[in-house]
Structure formats: C-alpha cells, structure tokens
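Protein sequences appear in the order of chains A and B.
Residues in the first sequence are numbered consecutively from 1, following this note's numbering.
Residues in the second sequence are numbered consecutively from 1, following this note's numbering.
The set of hints was computed from the structure by calculation and includes no laboratory data.
In this text, all values refer to a predicted model and were calculated from it rather than measured experimentally.
For glycine and all other residues, C-beta sits at the position ideal for the given N, C-alpha and C.
Treat the hints loosely; a few may be bogus.
To be verified - Derived BS3-like pairs: lysine-lysine, alpha-carbon spacing no greater than 27 Å straight-line:
| id | chain 1 | residue 1 | chain 2 | residue 2 |
| --- | --- | --- | --- | --- |
| 1 | A | Lys113 | B | Lys43 |
| 2 | B | Lys194 | A | Lys5 |
| 3 | B | Lys194 | A | Lys184 |
| 4 | B | Lys184 | A | Lys194 |
| 5 | A | Lys189 | B | Lys5 |
| 6 | B | Lys4 | A | Lys189 |
| 7 | B | Lys189 | B | Lys70 |
| 8 | A | Lys184 | B | Lys184 |
| 9 | B | Lys4 | A | Lys4 |
| 10 | B | Lys113 | A | Lys110 |
| 11 | A | Lys70 | A | Lys110 |
| 12 | B | Lys64 | B | Lys113 |
| 13 | B | Lys189 | A | Lys113 |
| 14 | A | Lys189 | B | Lys113 |
Claimed, not checked - According to the in silico footprint, chain B covers these stretches of chain A (three or more CB under 8 Å from chain B):
| id | segment |
| --- | --- |
| 15 | 25-36 |
| 16 | 98-106 |
| 17 | 161-175 |
Each chain, letter by letter, is given below.
There are 2 protein chains.
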Amino acid sequence: MSDKKGILIILSGPSGSGKDTVLNELVARNDDLRVSISMTTRKMRQGETDGVNYYFVDRDYFEKKVSEGKMLEYAEYVGNYYGTPKAPVDEMLNNGINVVLEIEVQGADKIRKMYPDVVSVFLMPPSLSTLESRIRMRGTEDEETIANRLFIAQQEIRRADEFGYVIVNDTVSEAVESFETIIKAEQLKFSRNKHLISEVTGNV
Amino acid sequence: MSDKKGILIILSGPSGSGKDTVLNELVARNDDLRVSISMTTRKMRQGETDGVNYYFVDRDYFEKKVSEGKMLEYAEYVGNYYGTPKAPVDEMLNNGINVVLEIEVQGADKIRKMYPDVVSVFLMPPSLSTLESRIRMRGTEDEETIANRLFIAQQEIRRADEFGYVIVNDTVSEAVESFETIIKAEQLKFSRNKHLISEVTGNV
C-alpha cells in the first residue's frame, strides 16, 4: 500500500452547504486524508486562522503566484480570489495521502482537465431554505451579501451535474460517512489497481 | 426512495475466486439485493438445487430461449451454455431492487452494451496458487478439467481491466464489505440522483 498514490478529491457546493464542518470531521477521522489549504484575498472571518483555514494574502501577492504558474486553479468569487497552490498537493498525493480540495464550483473544471482521475463531490443542502438559515446563523454577512449568496447558490446547484457524486448534507455524520464510502469505493476502482493483474498471475 | 431504480451489478471472476460464497453472504445481509438466477446446460454439482443455483436445462431448451430473444446474455464455457433470462432482471430493477448478475468474463461485454450504467466488479483471487487449492478443495473435477480451469483463469484475470472495480477475495467478510461499499458509493453518483437539482432548488 505504501507505494500507492493518494486520491485527489474535489469538494464543492454552495456557500452554507456545510463543506468546512464535513471536512473537519472527515480529517479528524482519517489519518490518510488532508485538506489542501487554499489561498484567498478575502477578509479573515471571526474564528479563522491564517495558514489553517486559508492563507490570507493581498491581491498583488495572489496575482504574482498565478503569473508564476504556481496555482493549480484559482477563481474570482464575490470580488475575491480563491486558489490552490499546486506543489503541496502533488507532494501529498505522491506520499499516498488522499487530498481534498475545497473549491468553488467554477474552479472544478480546471482541476478535472489537469487530473482526469480526480473524484468530484458536490455537497448539496437539503433545501434552499435550510441553506438560507445556515448562512444567517453564521451572522457575518449583511442582507445584500446573503441575497447575493442565495442567488449564486441556485446557479451552483444547477451545475451539480458536472460532479461525479452528490451528497445531501442532512446531518454531518451521515455526510462524512458517505464521503468515506466514496473514497473506499474509489480505492477499489480497477484503474487504481492495475498492478494486481501481474501480481496475481505471477508475471511481476 | 421507493421510485428509485435498482442498480444492475455484474460480478465476474475466475472459477474458484469465490463468487458464490461472497454472493450468498451479500444476499443474506442486504434485503434490497438479489442475485439473478442463471440458466445453464452444465451438469448439476453436488449440493446444488435447480431453480436456486441455476435453472438446469438441456441444450435444445437453451437454444430456443436464445432464438426467442429472451436472454440478456449467454456464453459457451467449457462446452456448456450459461445465460441470463432478461425479464426477471428488468422487473427487479424497476422495483428498486439491486440485481447482481454472476457471469463469465466473456459475457460481461454484452451486458455493458445493453446497460451503460451497469456496475461491473471483478473478484480477484489473492494468487493463482490460492485459486488452485480452492478448485481442488471442491473435489468435483478431474486433473484435466482443473488444468483447463487454471489456464482459463489466467486469461480471465488478464481481462480484469474491462471491469470498473476489482475486489481481492482475501477473506469473505472483507470482500462482502467492499461489495457493499461499492453499491453505496454508486448510489451517491450524480447520474443516479439527477432529480435532486430540481427538488432542492424548488423547481419540481
């Protein structure tokens, strides 16, 4: 197992669908899984830490990294940049670690083109009203931003068909279990076990 | 969930890989899963029952069913016909039952063409020597048949790349768990949950 490459997983879903909560639980339960830390130009929210939730940088720095080709993907969303530095992701995959990228829906396309065997998961809120109350509970955004987020959420949900799997986030524990099930099944894909044919027939 | 279609699953693997044992345990543990009963012209083995393990029929009857277009697939293997009657499979799928077809490796192709969303699983013995001892333990075959089966097994294992998933049958319980994991993950595929977009956005 030690020479096996990790699986790259995209997690996307509208703001308020619970991506962070699901990922925190997932990482706590799985030693062989990490979440890639994104870089963003958006303001730090209360309770967030630089280098843990995101690398918080300014626009000049972000644009420099993009022009140097050091970003796996990036997207602009509600006036801010969000992106994934490439090198740490490749290093973890080569060490057999499964890596989750939490990215905006519009960023998923680019990853799929670069990593054809990426596993993509869309986290779906049970309903739009659940989504709205989750965003309001956060208490960090004004009415205009909330309305804007809900409008974008609807558009994003209509793009769920671009993802391989969909998990309805009714409860966090069920969503985490579904996520683990997907990873286990993906590890059983023949395409990730091609070595077995020569190993079993003895023609190693 | 009740109006959801069942998933069609192909299970294949060389003779002696343990398909029957895994399927018996799988059916015992999952109410919503059935194994399609195949039709064959081979002789009944000790401990087998007509209508349970197979429908045991003669060559004339089998060929009549084929010519009437009532077989989903069929193949000739070591001088005998093996095949799957179509109607009961479709009925179970429409009732939301997951259906497993245990078929010869060479029969898998035909099913894939008819059911593009079929899930295909290859059951892999841990090694060729394990396979040989399992076939010998059965004690029902002479040396020539055993040698023939092992030769065919090697050829079949080299065709494992035609299958979506591969499960190494080290222990029955682990193999059954892997099978259940695959089914659960497949149920999370977006392609089997297209209704969610309109349900969640409210445009039902």
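Evaluation of the provided hints:
Distance restraint check for lysine 113 of chain A and lysine 43 of chain B: the Cα-Cα separation of roughly 52 Å exceeds the 27 Å cut-off, and the hinted pair is therefore not satisfied. Proposed proximity of lysine 194 of chain B and lysine 5 of chain A is contradicted: the alpha carbons are some 31 Å apart, above 27 Å. Proximity of lysine 194 of chain B to lysine 184 of chain A is assessed by CA-CA distance (about 23 Å); at most 27 Å being required, the pair is judged to hold. A distance of roughly 23 Å separates the Cα atoms of lysine 184 of chain B and lysine 194 of chain A; the hinted pair therefore holds under the 27 Å criterion.
Of the pairs offered as hints, the one joining lysine 189 of chain A and lysine 5 of chain B holds, with about 23 Å between alpha carbons and a cut-off of 27 Å not exceeded. Proximity of lysine 4 of chain B to lysine 189 of chain A is assessed by CA-CA distance (about 25 Å); at most 27 Å being required, the pair is judged to hold. Proximity of lysine 189 of chain B to lysine 70 of chain B is assessed by CA-CA distance (about 30 Å); at most 27 Å being required, the pair is judged violated. For the hint pairing lysine 184 of chain A with lysine 184 of chain B, the CA-to-CA distance comes to about 10 Å; that is within 27 Å, so the pair holds.
Taking the CA atoms of lysine 4 of chain B and lysine 4 of chain A, the gap is near 36 Å; set against the 27 Å cutoff, the hint is violated. For a cut-off of 27 Å, the pair hint linking lysine 113 of chain B to lysine 110 of chain A is broken: about 31 Å separates their Cα positions. Proposed proximity of lysine 70 of chain A and lysine 110 of chain A is supported: the alpha carbons are some 14 Å apart, at most 27 Å. At most 27 Å may separate the alpha-carbon atoms for a hinted pair to count; lysine 64 of chain B and lysine 113 of chain B meet this at roughly 23 Å.
Between lysine 189 of chain B and lysine 113 of chain A the CA atoms are separated by roughly 20 Å; this keeps the pair inside 27 Å, and the hint holds. A C-alpha spacing of about 20 Å is found between lysine 189 of chain A and lysine 113 of chain B, which places the hinted pair at or below 27 Å, so the restraint holds. Against chain B, the segment 25-36 of chain A contributes 0 residues with a C-beta closer than 8 Å to a partner C-beta. That does not satisfy the three-residue criterion, and the hint is violated. For a cut-off of 8 Å, the count of residues in the segment 98-106 of chain A with a CB near a CB of chain B stands at 0, and the three-residue condition is violated.
Against chain B, the segment 161-175 of chain A contributes 7 residues with a C-beta closer than 8 Å to a partner C-beta. That satisfies the three-residue criterion, and the hint holds.
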